[in-house]
Amino acid sequence: MITPGTRGDVAPMAGLGSRLRTLGFDVAIAANTAYAHLVTTAGCEHRELPGDMSHLVSPAAPGKKATGADLRSYMRELGDYFDLAATGTLAAAEAGADVILANAVAPFAYDVAEALGIPAIGAHLQPTESSAAYPPVVLGTARSLGPAGNKLLGSLISAGKAPYDAPSARIRQVLGLTKKARSASERARRNANRPVLHGMSPTVFPRPADWRSGLAMTGYWWPEAEPGWQPPAELVEFLADGPPPVFIGFGSSAALDADFMLDAAHRAGARAVLQGVQGVSGPGAISIGAVPHEWLFPQMAAVVHHAGAGTSAAGLRAGVPTVGVPIYTDQAFWAARIASLGAGPQPIRYRELTKERLVSAITQAMATPDYAARARQLSAALSTEDGTAPVVAALRSAAKPI
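The opening position of the sequence shown corresponds to residue 5 in the numbering used here, with each subsequent residue numbered one higher.
The hints are simulated quantities; they were obtained by calculation from the structure and are not laboratory data.
Yeah, the Cβ is synthetic: ideal placement off N, Cα and C, and Gly gets one too.
Do not rely on the hints blindly, as some may be mistaken.
[What the hints assert, rightly or not] The following label-pair restraints were derived from C-beta to C-beta distances:
#, residue 1, residue 2, range
1, Asp-102, Leu-60, 48 to 56 Å
2, Arg-80, Ala-185, 30 to 38 Å
3, Ala-95, His-270, 27 to 35 Å
4, Arg-25, Glu-241, 47 to 55 Å
5, Gly-283, Ala-170, 40 to 48 Å
[As the list claims (entries may be wrong)] In silico DSSO-like cross-links for lysine-lysine, where the CA-CA straight-line distance does not exceed 27 Å:
#, residue 1, residue 2
6, Lys-155, Lys-184
7, Lys-184, Lys-165
8, Lys-165, Lys-155
9, Lys-183, Lys-165
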C-alpha cells in the first residue's frame, strides 16, 4: 500500500491491512515515519516514505484567506514532498510486492508498478473521478456547477497540472520508461477501465450513475484499534463527571487555538474535549492527544472537526451530530454530505469561521433532536457494511495469471 499524506490517509489503510492479514495476505504499507507505529500496531510491515506533510496542512488564522505568496510557497513545498514520496515508493516496491494499492495522491505508484511488471489498483478515500454528481473535490468547495459544469471542470482539472506531475515524470525517467505525462497515464487507465476501489460508504454518498464500471465503492475501511490501548485516567474521570461534552479537533491541522475553542464551547453551554492543544484541564474542558475516535466519539454530544474523510466517517459511525468546518480539498465535500444527510447543521467554511458562527452551530447540533436521530440511523446502516470483501475480490482478480 502506498499512502503518502497525513494520519487520515494512513489509518484507514492500516485498518484494511490488518483485516487482510487475517485472511492470509502479507501487507506492507509505505508511509511517512511519523505513522510507522500506526502501521506496525496493525500488524503490517512499515516501509518508509521520506518526508512529513503535517506542516503543510496548517492553515491561516480562522476567517483569513491565504495570500498568493502563501499559495505559491505551499505548492513548491507540496511538490518537494511528493518528489520524496515518489523516491520512497520506488524503494518500497523494490523491497518486494505482488500488487500495489495506490492512494489518490500517488500516481507515481502506477509508473513503478509498470516498470516492475506487477498490477496496481487505486485505493482512494474520496471521489476523484470527474462526474456530473459533484464538483471536483480538489477545489475545496461543495458548490455544484450543475451536472454539465461539474463534469467539464472535473475533466479539465484532471488534465491540468498537479504537484505530483514532475515526480511522476522523474520516476519514469529513472525507470527507463517511455516519456508520458501523468494526465495521459490516468487517461489511459480510465480508457482501459482499470480498477479503483473507494473506501467510502454508498450510505453516505451513493455511487454516481456516470461512474465507469471499474470504479468500486467498497464501504469504509475502519482504522484498527491499537492492542492494549487504555484511555488516560484523567479523560475517563472527566467524561464521568458531567453531561456528554462536545469534541473539537482538526486532525493534523493546527486550526484553532485553545482560547477560541474554550470560549466557543462555554458560550454554547457545552463541556469540551479539545484535540490539537495542550494544557487544558478542568471541570468544563480537557485537552487530549491521540485518542481512538471509535472509543471517544460515541461518548460525545456532538463532534466539531475539519470534515476529513476518516474523521467524518468516524462521527457518523458513532451516531452523533457533526459540525463540519472544512479547510481544504475534499473536506467541503464531506461536510456538505453530512449536512445533506441531516446529521448536523450546515458547515462553516474555515475561511468564514467566527466564534459567533461556531457557537451557533454547536448550539444547533446539541439542541436539535433530529440531528442525533439521523446520525443514529446512519450509524446503524454503516454497521452492516463490509469494506474488506470487495478489496479481497479485487486483489485475487489482479493476481490471476493472464
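Structure-based check of all given hints:
1. Asp-102 / Leu-60: 48 to 56 Å: Because 32 Å falls outside the window, the suggested range is violated.
2. Arg-80 / Ala-185: 30 to 38 Å: violated, 20 Å
3. Ala-95 / His-270: 27 to 35 Å: Distance hint for Ala-95, His-270 is violated at roughly 50 Å.
4. Arg-25 / Glu-241: 47 to 55 Å: The hint (47 to 55 Å, Cβ to Cβ) is violated, given that Arg-25 and Glu-241 are roughly 36 Å apart.
5. Gly-283 / Ala-170: 40 to 48 Å: Because 42 Å falls inside the window, the suggested range holds.
6. Lys-155 / Lys-184: Cα-Cα ~24 Å, so holds.
7. Lys-184 / Lys-165: holds, 14 Å
8. Lys-165 / Lys-155: holds, 18 Å
9. Lys-183 / Lys-165: holds, 16 Å
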